[in-house]
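The whole structure should be built from the sequences, with the hints applied where relevant.
The residues making up each chain are set out below.
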Amino acid sequence: MSFLWVGEGSTRMFGRWLQRQGPGKAAYALLLLLSSAGHAAWGAPTDNVVYQTPNTFEPHSGPAHMIHNLSLFVIQITGAIFIVVAALFVYVVIRFRQRDPSDDSEPPQVYGSTQIELAWTVIPILIVLVLFLTTARILFAIQDQKMPPTAVDADVVGHQFWWEFHYPKYGFTTADELHVPVSTEQVPTTTSLRLLSADVDHSFWVPQLFGKIDSIPNQVNHMWFNPDKVGLYVGQCAQFCGVEHAKMLLRVYVQTPEDFAAWVKNQQQPGVQDPAVAEGRQIFESQACISCHVVRGTPAQGKFGPDLTHFMSRDTLASGVADNTPANLKLWIKDPDYVKPGSLMPAMQLSDDQIDKVVAYLDTLK
Amino acid sequence: MADSTLPIGSAIDLTPPSEVYGTWLDQVHSWVVTVDHKKIGLMYIAYASIFLLVGGFEALLLRIQLAVPHNHFLSPEVFNRIFTMHGTTMVFLMGMPLIIGFANYLVPLMIGARDMAFPRMNAFSFWMTALAGLMLYYSFIGGVGLQGAGSAPDVTWWAYAPLTERAFSRGHSTDYWALSLIVSGFGTIGAAVNIIATTICMRCKGMTMFRMPLLAWLYLVVSGMILVTISPLTAAQIMLCIDRYLGGHFFDSQAGGAPVVWAHFFWVFGHPEVYVLVMPAFAISNEIIPVFSRKAIFGYPAMVAATAGIGVISLSVWAHHMFTVGMTSAQNAFFVLSTGLVGVPTGIKIFNWIATMWGGKIRFATPMLFCSAFLIQFLFAGLTGIMLSTAPWNWQLHNSYFVIAHFHYVLVGAIVFCFFGGFYYWYPKMTGKMLNERLGKWHFWLFVIGFHICFDLMHIPGLLGMPRSIYTYEPGRGWDTLNFIISVGGMIQGIATMIFVYNLVYSYFKGQEAGPDPWDAWTLEWATSSPPPEYNFATEPVVMSRRPLWDLKHPEDPDYRYE
Numbered sequence: 000m001s002f003l004w005v006g007e008g009s010t011r012m013f014g015r016w017l018q019r020q021g022p023g024k025a026a027y028a029l030l031l032l033l034s035s036a037g038h039a040a041w042g043a044p045t046d047n048v049v050y051q052t053p054n055t056f057e058p059h060s061g062p063a064h065m066i067h068n069l070s071l072f073v074i075q076i077t078g079a080i081f082i083v084v085a086a087l088f089v090y091v092v093i094r095f096r097q098r099d100p101s102d103d104s105e106p107p108q109v110y111g112s113t114q115i116e117l118a119w120t121v122i123p124i125l126i127v128l129v130l131f132l133t134t135a136r137i138l139f140a141i142q143d144q145k146m147p148p149t150a151v152d153a154d155v156v157g158h159q160f161w162w163e164f165h166y167p168k169y170g171f172t173t174a175d176e177l178h179v180p181v182s183t184e185q186v187p188t189t190t191s192l193r194l195l196s197a198d199v200d201h202s203f204w205v206p207q208l209f210g211k212i213d214s215i216p217n218q219v220n221h222m223w224f225n226p227d228k229v230g231l232y233v234g235q236c237a238q239f240c241g242v243e244h245a246k247m248l249l250r251v252y253v254q255t256p257e258d259f260a261a262w263v264k265n266q267q268q269p270g271v272q273d274p275a276v277a278e279g280r281q282i283f284e285s286q287a288c289i290s291c292h293v294v295r296g297t298p299a300q301g302k303f304g305p306d307l308t309h310f311m312s313r314d315t316l317a318s319g320v321a322d323n324t325p326a327n328l329k330l331w332i333k334d335p336d337y338v339k340p341g342s343l344m345p346a347m348q349l350s351d352d353q354i355d356k357v358v359a360y361l362d363t364l365k
Numbered sequence: 248m249a250d251s252t253l254p255i256g257s258a259i260d261l262t263p264p265s266e267v268y269g270t271w272l273d274q275v276h277s278w279v280v281t282v283d284h285k286k287i288g289l290m291y292i293a294y295a296s297i298f299l300l301v302g303g304f305e306a307l308l309l310r311i312q313l314a315v316p317h318n319h320f321l322s323p324e325v326f327n328r329i330f331t332m333h334g335t336t337m338v339f340l341m342g343m344p345l346i347i348g349f350a351n352y353l354v355p356l357m358i359g360a361r362d363m364a365f366p367r368m369n370a371f372s373f374w375m376t377a378l379a380g381l382m383l384y385y386s387f388i389g390g391v392g393l394q395g396a397g398s399a400p401d402v403t404w405w406a407y408a409p410l411t412e413r414a415f416s417r418g419h420s421t422d423y424w425a426l427s428l429i430v431s432g433f434g435t436i437g438a439a440v441n442i443i444a445t446t447i448c449m450r451c452k453g454m455t456m457f458r459m460p461l462l463a464w465l466y467l468v469v470s471g472m473i474l475v476t477i478s479p480l481t482a483a484q485i486m487l488c489i490d491r492y493l494g495g496h497f498f499d500s501q502a503g504g505a506p507v508v509w510a511h512f513f514w515v516f517g518h519p520e521v522y523v524l525v526m527p528a529f530a531i532s533n534e535i536i537p538v539f540s541r542k543a544i545f546g547y548p549a550m551v552a553a554t555a556g557i558g559v560i561s562l563s564v565w566a567h568h569m570f571t572v573g574m575t576s577a578q579n580a581f582f583v584l585s586t587g588l589v590g591v592p593t594g595i596k597i598f599n600w601i602a603t604m605w606g607g608k609i610r611f612a613t614p615m616l617f618c619s620a621f622l623i624q625f626l627f628a629g630l631t632g633i634m635l636s637t638a639p640w641n642w643q644l645h646n647s648y649f650v651i652a653h654f655h656y657v658l659v660g661a662i663v664f665c666f667f668g669g670f671y672y673w674y675p676k677m678t679g680k681m682l683n684e685r686l687g688k689w690h691f692w693l694f695v696i697g698f699h700i701c702f703d704l705m706h707i708p709g710l711l712g713m714p715r716s717i718y719t720y721e722p723g724r725g726w727d728t729l730n731f732i733i734s735v736g737g738m739i740q741g742i743a744t745m746i747f748v749y750n751l752v753y754s755y756f757k758g759q760e761a762g763p764d765p766w767d768a769w770t771l772e773w774a775t776s777s778p779p780p781e782y783n784f785a786t787e788p789v790v791m792s793r794r795p796l797w798d799l800k801h802p803e804d805p806d807y808r809y810e
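Chains A and B are the protein sequences, given in the same order. In this text, residue positions in the first sequence follow the numbering used here: the first is 0, and each later residue adds one. In this text, residue positions in the second sequence follow the numbering used here: the first is 248, and each later residue adds one.
Hint data in this document are derived by calculation from the structure and do not stem from the laboratory. As the structure is a computational prediction, the values presented were derived from the model and not from experiment. Treat the hints with care, as some may be off.
What follows is a set of in silico ranges between Cβ atoms, one per label pair, in the way DEER data are often shown [to be verified]: (1) A:128 with B:278: 51 to 57 Å; (2) A:82 with B:548: 25 to 31 Å; (3) A:121 with B:810: 22 to 28 Å.
Far from chain B, by Cβ distances over 12 Å, these chain A residues were calculated [what the hints assert, rightly or not]: (4) 261; (5) 278; (6) 291; (7) 301; (8) 302.
For each residue, glycine too, the CB sits at the ideal point set by N, CA and C.
Written out as structure tokens, the structure reads:
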């Protein structure tokens, strides 16, 4: 195999390097080398790291808990089956392997046994029935749950590649970051979501609150949860929807009823009109920005992109791709494809000065 | 030269092959125009093996991209194309040709026939399949179209509408995808019709249905399933083409079409398809496990019944891929039950294999190593399948890396492992040379280690909320380290596959001579020379039991006394 190497010397050098680094590190270095080979000139700012695992085994709502309990039950049963059958297999492999390769005699021939075969047909059927009944009970309990009239309603509309959230009872629309009230024993509050899509199939998945349900055009799907803990829950689109499917992130903020009420109250206001940034607003409204974006109380009434009325109340931009800071916003408006290649927001070819002014205006939309 | 004094003299050409082969051009010509089931089978297998390497290479590109978060190895567009091509290639250009190739080669030999029932249609089917593969890969060049949009298809291998409609998929890449699947479907249906006709009509004297080797039984059921399942796929592709070019609105949601209808059509094909692919793997195990355990298969009638059972039940489980599309609770419950029930006949098979090994003298040559690993891996894959079948939990697991891990456990851990075993087992019959055992053991152990590093761990990011089909992921989600190790496991499998390819070539030239029956086996293909002559058997064999060569080797205790 010596032709594979450039020469003896390099083989030895590689060997020494491998010894110094240890195999794990060496493999990492090799992969990094490979990975950087096609380094392209794009990429999101990576300062939006949320150290949180959307672990399906850490449920924080009623239905998620029910799913979790079901999963534990199924794991116990399948685990037991695995241990029994695998143990049988290991026993057979060790006990009945050929010990003497020169021994040509054939073992006694057995062709079958009706009793044994009946047993291992009937027992699995019983196990399947038990699993089915348990699953069906939880399935009906979650899926056929009646929504109380006090439920907080929200319509979730999937778009390529962002989320629109519409609160019909409160009469406003926002994007990418869903706010819902926490459900406590004193004040149980259910959040009821209607899932729709504006273009292709998407799937709404915040693992700690519920499983995923698809949002499909021409169809209304339903999901509900009653979060039991205040906090931020992350998730993302789970049905391939095009180029930027991977960057269609989701955030759900579970808030105390007071915080939620305050947030709703703010969202219901029309966009802030600050005369100090009138120049930026004028640029925004004279450009094509307004054909896609809404700022309530202004001529901007486009429905294709996210509602910007309270843009600065959101922590992230471009569906969770970057922190919502003026610096990132400038980058995003200047060249959306750099931050999120394939996103449907066009680069508006504004001058740096115009962008600064537009960003200053957007910065006031708290 | 034919001996014209014999009554059937012109039917049997006794010229040794070495005198027939002329220049290399003659040889190429002989492969192109052949209607011999063995040559066509070998071409299918070679074709599938090439696409196994192509699809595997694509998988490695995907794994390099996913090794670290926010990686820039592949752009999103390229990643989406590569994973679409990886899935389509592995199912339609690798999996289907591989199972049909083995059927072509083995079924006539095993039932004592001289060829398939329709040799010309057989050749036609192969060349249709070949055309489909070329057409799909030509999309890298031809898919751009006048709009300069995209090259290869980038809509995933299940291609959910309306992403495939013209509004969302410009250019011609999706057309290449749809058309190549229609063409490969024609080839597959031709092959299935042929296998059914061969099995029913071409069996040798004494070979009743219930004396057929289990492999022939399984391929009979699989071919029946192909006839039922390829049609909805082809229908769906035709509807898609009508939508895209003739102004139809089957799936066009902007004009009132129903995207979920596509999903139903696709999975009515797609789920039985999994069994179409995995039953030939069972078929190979049904031959290898008894021979290397030195025992008759345990419960032959139950194995046939379980096969038929899987064939029937698997036609009613498709919507377990669709628990998240918003079916009613009763519909969901139905598919929970049917999916659970399909596990019962599958379980019977696993138990019967273990019972076959029980009390045997198991020889762990490479084919048996692969089949043993298959047994335990398929058990695991079946149990994760049970987890996925419980609809509420499926809402969490669906479209996550848990699903990817599950179906690679089935497709690699069961199908690829069995077919590797099948290569080691039948390569001596196909070429007359044994595959090198030493390289075979290296191949096996590296592959099995790489497989488990890769796919065992892959379940975990799914449980931690990592969805599939994403070209990159956020750091800080707890997925980073796992993905890196998974990629390393992928590389190890790549290295093992290279050893296998080297073994195929090396053994062809330098391998040990095999002789007609190197494994001391019992079915009819081992009764003729290796490789078999064009007419397979000089005289038509007569069989009296399921293991004709056992009867010959053990006249004191033949099988037909017990059956």
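The hints, checked one at a time:
1. A:128 with B:278: 51 to 57 Å: holds (54 Å)
2. A:82 with B:548: 25 to 31 Å: Because 29 Å falls inside the window, the suggested range holds.
3. A:121 with B:810: 22 to 28 Å: Because 25 Å falls inside the window, the suggested range holds.
4. 261: Check passes; 28 Å lies beyond 12 Å.
5. 278: holds (36 Å)
6. 291: holds (17 Å)
7. 301: The assertion about residue 301 of chain A holds, with a minimum of 19 Å to chain B.
8. 302: Given a closest Cβ separation of 15 Å, the condition holds.
Going down the numbered hints, you'll see the structure goes against none, and every one checks out.
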